[in-house]
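*Asks:* Given chain A's structure and the hints, the job is docking chain B onto it.
2 protein chains.
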Amino acid sequence: MSEADEFVRVARRAGEAAAGLAPLPRAAKDAALHRIADALVAAAPEIVEANAADVARARENGTSEYMIDRLSLSEGRIAAIADAVRKVAALPDPVGESVRGSVLPNGLELRQVRVPLGVVGMIYEGRPNVTVDAAALCLKSGNAALLRGSSSAHDSNTALVRVMQRALAETEVPADAVQLVPGTSRESVKHLMRARGLVDVLIPRGGASLINSVVEESMVPVIETGVGNCAVYVDAAADVDMAVEILLNAKTQRPSVCNAAETFLVHADVADAFVPRALGALRKAGVTVHGDDRIRSYAGGDGVVEATEDDWHAEYLSLDIAARVVDSLDDAVAHIREYGSGHTEAIVTTSQPAAKRFVALVDSAAVMVNASTRFTDGEEFGFGAEIGISTQKLHARGPMGLPELTSTKYVVTGEGHLRG
Amino acid sequence: MSEADEFVRVARRAGEAAAGLAPLPRAAKDAALHRIADALVAAAPEIVEANAADVARARENGTSEYMIDRLSLSEGRIAAIADAVRKVAALPDPVGESVRGSVLPNGLELRQVRVPLGVVGMIYEGRPNVTVDAAALCLKSGNAALLRGSSSAHDSNTALVRVMQRALAETEVPADAVQLVPGTSRESVKHLMRARGLVDVLIPRGGASLINSVVEESMVPVIETGVGNCAVYVDAAADVDMAVEILLNAKTQRPSVCNAAETFLVHADVADAFVPRALGALRKAGVTVHGDDRIRSYAGGDGVVEATEDDWHAEYLSLDIAARVVDSLDDAVAHIREYGSGHTEAIVTTSQPAAKRFVALVDSAAVMVNASTRFTDGEEFGFGAEIGISTQKLHARGPMGLPELTSTKYVVTGEGHLRG
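Chain order of the listed sequences is A and B. First residue of the first sequence? That's 1063 in this note's numbering, and the numbers climb one at a time after it. First residue of the second sequence? That's 1063 in this note's numbering, and the numbers climb one at a time after it.
It should be emphasised that the hints constitute simulated quantities derived from the structure, not laboratory data. Note that CB positions come from ideal geometry on N, CA and C, so glycine has one too.
Residues from chain A that face chain B, not an exhaustive set, calculated with beta carbons under 8 Å: (1) S1164; (2) A1427; (3) F1443; (4) T1475; (5) G1476.
The shape of chain A in the complex, shown without the other chains (with noise of 0.2 Å):
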């Protein structure tokens, strides 16, 4: 059978699998969560030897360090994987939410309920904890898991979902809601991008030129995930301690995720106190500033690198940062609208006006008032997990939970009623 063959097959086995899960209440979800919670610990050495071939092929093509232990598992990590299912089992249950209800003049009985989407893809890179936190986000949440992992995991994600398969086997939730895409060359990802009615949503989370490659090619309905350059901006009143602390905060805390400041803008009423006190924390934090002539001016040519324009679009990952000087609020708004990926701002300000105008002229995901970008995360804004952080506007923006790996229908209840 050709991999487009195979790739039918798997799909539309996960399709008849999603239409089984649907109506399973939320008992049986968990159950069938605990259960796998349970083999993955059990099957913990068969996983880590998987893994071992995984590592042992990265290590043989050179990967660096950092991304080895992206792709690592050991026995202490898959219990701690086995720990987020167990917590993905206690959050509510959103299928069967109504959100919306209503009888209208005639006496028909209108609701309008949460449902799962169906069949969920995924393409992600190298981290095979993805693999189970998707897969028991999708089956909470009553869908089917198409996985895409990176090929570079590709023996741990088989072992973790032959687990995971021979757990369901055991429930009411088919074996089958489960899948890896057969296959590991760039064609299989196609597939995936290809299989208009057979998968409702592609979700791919990763680097950029994966999400744009996604975005691009798919004909299936796509969620953008990931990509954050995101802007601290210090207005004229703002308070400068908090100020520097936020920055430091948003920059430094954790460099590597989508949620850290890749740029600053200072109003240019507070840069003479704000700028040399921000340089020196950040030069103390191992930051490198990439700063316009204005903020190079505070640093007497020393520790600050002349910013490009690819600068203000670099979502560096890195100790680096972009600075610019701004004359008004609206400055600092223009430039995040030009530059930005519409992710996560921050505005550091004591005046009531100056927020509620960035909050209103600044189109992102999420916007800060006196807070670290850093806290745009599911975890944090109490949604128990996420699949993924949208940067897109539709269906979901932002931290997506539970409620947003569901969609709706409308039930319509009468009594015969015809429209005249």
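*Replies:* Relative to chain A, chain B alone:
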């Protein structure tokens, strides 16, 4: 300037207008809508004259009288279009609505609020009233509208947009918030479909081939609307009188629309009682039934056409209906899953368990219990207006009112909160 460059210029102006429109209060938007309504009425002669050119061209091209009727504008029809705009002004403003809010354990205040989508692209067929309806719904929800109607209505659409822009020029809403896509070629539609980053969502309204081509080619997120292969299932426990009435209403009350029934499925246990009466009533109403062998056995070889595979898939939009006897509710669900378009299905039954099972298993935007499929409609659902009926699962499903033309933004307010 090339058409592609001209498109980018227009789309950028729409984006700037959207940014100006987004923070406007309801009063400013409603005032603009009333100004548009008045201007349409005042300019009715100018619009009718432009429309006459479209109509004359359509007649030369041998367009059907039905299509010419959809295309034609009179002063009376323009007055009705203006009234619809005033009705949109009277609807609640979805922008700014809090859809979620809480204080997090660390004291951060979290609010999720509705915001406009930005620039909404519409692709639609030869009904010039859609130009105004879509513009009004977009403006009310704070969005700029980038409109691409049928080239057959180009003169009408140009006049309507000119009148609307003239009206907007005297209001706080930027006139560029309503624009036509430049050009009438097929290529000009492609500019819209490739305008990722310039257009936030594309809503095609029209036949299946238009919608399919947009879904397959668009890099801009799409909301599919409109295709309706709707089924009425007559359960073993149906009230036969009610079933005949609902079927007749669903098929014949307005056969040309997407929520009209295109198939009926009848449980074998009730077929003897139901089918002869249904066939008689449908024949009397001028409906051609395309039945399977079991349906045809009731017709005595008279008046029922043999159904082919194509009939099960058909969205007739005419006085035709496909019909099949099924042995169980689950067989009816299986038929719908195989052939339905996910728009609206109805069950007629007095059995509560049967109704519950049908509602749970049928995966359509709307499921009717003892009511006609014709009720799936924004007006009927009490939304005041609709921009289309979504048959996809992402973002919006079923009739789309003003809230479905919005996204959301998280606003997080702290007091110097840092992530630990």
